[in-house]
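So the protein sequences, as listed, match chains A and B.
Take the first sequence: its position 200, counted from the start at 1, is 199 in numbering that gives the first Met the number 0, and no numbers get skipped.
Take the second sequence: its position 407, counted from the start at 1, is 406 in numbering that gives the first Met the number 0, and no numbers get skipped.
Source of the hints: derived by calculation from the structure; they are not laboratory data.
Because the structure is a prediction, the values reported are computed rather than measured.
A virtual CB, placed ideally from N, CA and C, is assigned to each residue, including glycine.
Any given hint could be a false lead.
Partial selection, computed: residues in chain B whose CB lies under 10 Å from chain A [stated by the list, open to error]:
hint : residue
1    : Thr-14
2    : Leu-169
3    : Thr-173
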Amino acid sequence: MVGFGVVGKGVATILARRYAEKVKGYGFNPKVVAIADIDGTVVNPRGFKPEKLEAIKQRGYPISADPDFGHPGMSALEVIDSVEAEVVVEVTPVNIKDAEPALSHITRAFKTGKHIVTTNKGPLALAMPALTELADYNNVYLRFSGTVGGGTPMLEFAKRCLAGDKILAIKGILNGTTNYILTEMSQNRVAFQKALKNAQNLGYAEREPSMDIDGFDTACKVVILANWILNKKITLKDVSRTGIRNVSLQALDKASKRGNTIKLIGSINGEGATVKPTEIPKNNALCVSGVLNAVTFFTEFAGEQTLVGRGAGGMETASAVLRDLLDIRHKLASKVFT
Amino acid sequence: MKKIVMKFGGTSVATGENIRQVASIIADSVKKDRRVVVVVSALAGVTNQLVEEAEQAKKKDEKQIQEFTEKLIEKHVATVMEAIDNKSIQKEVELIIKKTVGELEKVLTGICYVGEITPKSRDYVLSFGERLAAPIIWGALRDIKLQTQCFTGKEAGIVTDENFGEARPLMNVTTHQVKGRLESLLEKKIVPVVTGYIAATQDGVVTTLGRGGSDYTATVLSVALSSDEVWIWTDVDGIMTTDPKIVQSAKMLPQLSYGEASEMAIFGAKAMHPSALEPVIEANIPVRIRNVFNPQNQGTLIADGEETKSTEVVKAVALIRDVAMINIRGAAMVGAPGSYSKVFDVIGKNNINIMMVSAAVSEGNISLIIRRNLLGRALSTLGIVLIGRGVINEITSEDDVCVIAVMGANMKGTLGVASRIFTTVAQKGINIRMIAQGSSELNVSFVVKEKDGAAVVRAIHEEFKLDQI
């Protein structure tokens with residue numbers, strides 16, 4: 000595991016709490032053999048016991064201070080190179096400038112024959128076509144269901160449940176923070192700056208909110224959906240993007256009179272990929288409030304399908320990591336038998 | 000502001016004078032506000048010398064290797080002196096050449112000590128031809144005050160699989176890297192000079208692109224940078240309707256579709272290898288074949304779209320010499336699944352390429368065309384493996400034949416083309432020995448006696464009025 004923040008710890012918690020039933024129910028017996036964080040690593044080639052993971056979590060930073068397994072100064076790349084493992088769980092913070100260090104972690108994992116489960120949107124937003132090709136070439140899996148919809152299986156739903164149909168377009172509210180702000184603005188007539196403050200106080204928005212309110216986060220998710228579901232080889236700079244800074248209360252009032260409201264919508268269709276504040280009817284299936292996410296898949300034969308769920312959160316995203324690990328386990332199992 | 004990837008082949012960089020011509024062509028495009036990426040082949044003949052040296056190195060001693068590398072330095076430095084005026088640039092390029100050849104000498108010495116050459120080390124040796132040529136072009140461009148930067152295919156970001164000698168690019172990874180490394184230079188009007196033919200694996204081990212060669216590098220870079228066109232600069236005006244040595248009135252073809260151009264590969268070095276066309280077909284980027292020594296000429300445009308839609312049914316006719324025909328007959332082949340595969344298997348395992356196949360529905364015989372110099376080997380192995388095993392009764396061959404290939408995209412679905420072709424041949428009193436048409440319908444190939452080949456080409460050229468194209 001590379002990165003030991005909210006998501007990394009969440010994964011450790013789920014593994015500790017659900018360990019016995021995972022082994023029993025799925026024959027799934029994951030062992031965490033190393034955790035790399037910014038200031039060092041812990042390594043135990045035999046796998047950390049759930050209690051030990053809990054203890055490492057409790058002690059806090061730096062994790063490499065652990066007396067038994069700590070390796071201060073050992074970098075994540077060294078761990079990926081030298082530790083015997085099947086999967087690297089990459090859960091470092093997002094960076095959409097150059098996607099580092101996650102991009103290097105992922106490519107190194109591929110070159111050393113390790114599968115990747117990541118919740119990090121940066122590398123996918125900037126280099127998704129390249130990364131999927133590299134994974135294929137090295138015969139490993141790249142899974143990232145936690146990047147879109149958090150705990151809500153939006154990617155799997157489209158890829159698996161709609162497999163025989165053709166998805167023509169995708170449209171959705173893909174960012175909980177901006178949806179919270181817009182909901183506050185329209186339902187409680189709170190001005191943008193005030194709504195943003197509220198979101199920050201509640202922990203929905205970051206101190207540096209640009210990633211959310213300027214639409215970058217939504218655009219990253221649009222890139223992932225476009226590549227994975229629609230097989231369009233695009234990256235972040237191919238998405239035309241407008242944030243919600245300029246959405247005014249007046250505009251929301253006007254929309255409301257028409258029975259509509261304004262949401263930050265990410266969409267991909269034949270014309271391209273866009274993120275922009277868009278007026279939609281209040282009775283539309285997509286029109287969810289608060290921090291909820293929603294996505295609609297427009298299919299050729301099965302009509303419109305909408306999925307609603309919480310889009311973010313440490314435990315929600317951690318559950319997506321577990322889902323991906325199980326998926327890889329199933330894939331490997333079927334490979335062994337065929 | 001157009002983005003053009005230009006590739007310059009071996010003869011266009013054969014001498015210092017030619018390199019000056021190349022530099023002026025590039026300068027002219029830069030002046031017209033085009034963004035240019037230059038792809039360079041090895042100097043004429045150098046790659047062949049390297050191939051030979053790579054094979055010979057295992058049997059040679061250090062002194063012989065040194066002789067070879069000294070000659071190599073001499074050749075390149077002489078070209079530098081001709082191509083570049085500025086003394087300090089001359090010096091700089093000369094130093095790069097000597098350093099690069101020094102590296103080559105170590106590699107060859109290593110091969111000589113170990114006494115073996117692997118596909119990996121062979122690719123490494125072959126990469127030196129382009130690595131020595133690119134700095135000269137780079138110097139010549141600086142000499143005429145252009146801003147430029149020199150890259151190997153690996154430095155430019157081309158990543159391939161590990162199929163040494165015939166590596167395939169990982170297109171998405173390549174696109175990601177090439178964009179990162181070259182795009183900002185183009186915005187600043189700096190001309191990147193990239194070595195053709197060579198690339199690297201994801202771990203940085205040098206690979207070569209095989210038969211697609213430097214053209215392949217050009218089309219790959221073009222797709223990665225979404226360029227507007229690819230210009231392949233060579234020493235002929237373009238692709239011709241036929242060999243002008245056979246038909247004096249042969250014309251240059253102003254345009255071809257991708258499909259037609261792929262069929263033209265049998266014209267050999269003057270056309271593009273189909274695998275080099277592959278990347279641009281998908282991205283629909285037009286390719287132009289142009290003449291370094293006649294830059295006013297627009298050359299042959301290869302593209303799919305309105306501009307290459309034409310009315311001519313037949314566009315070109317090629318004569319392929321030095322081939323031989325093998326006829327295999329066996330009553331037991333009739334209705335026996337797998338009997339053809341036995342034949343192909345034997346030939347394939349002997350590393351013999353089958354150029355043309357024809358078998359009738361009677362199933363009792365099959366005819367093949369292969370290179371003439373391989374005929375003996377093919378006959379003896381086929382005889383040893385297949386005769387007397389109850390499958391094949393008789394193998395005969397003819398080594399005085401040639402193949403005529405008639406090409407054109409509009410042949411597809413046009414009635415009566417074959418009849419016109421064969422009537423033309425019949426009127427000359429010439430017998431056709433074997434016929435094949437692929438289901439793509441872009442090409443009809445047939446076999447006649449070699450002595451009749453030229454006459455048949457002339458007759459078809461005339462029948463379809465190719466001199467008026």
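Here is what the structure says about each hint:
1. Thr-14: Status violated, d = 40 Å.
2. Leu-169: At about 5 Å, which falls below the 10 Å cut-off, the nearest Cβ of chain A leaves the hint on Leu-169 (chain B) intact, so it holds.
3. Thr-173: holds, 8 Å
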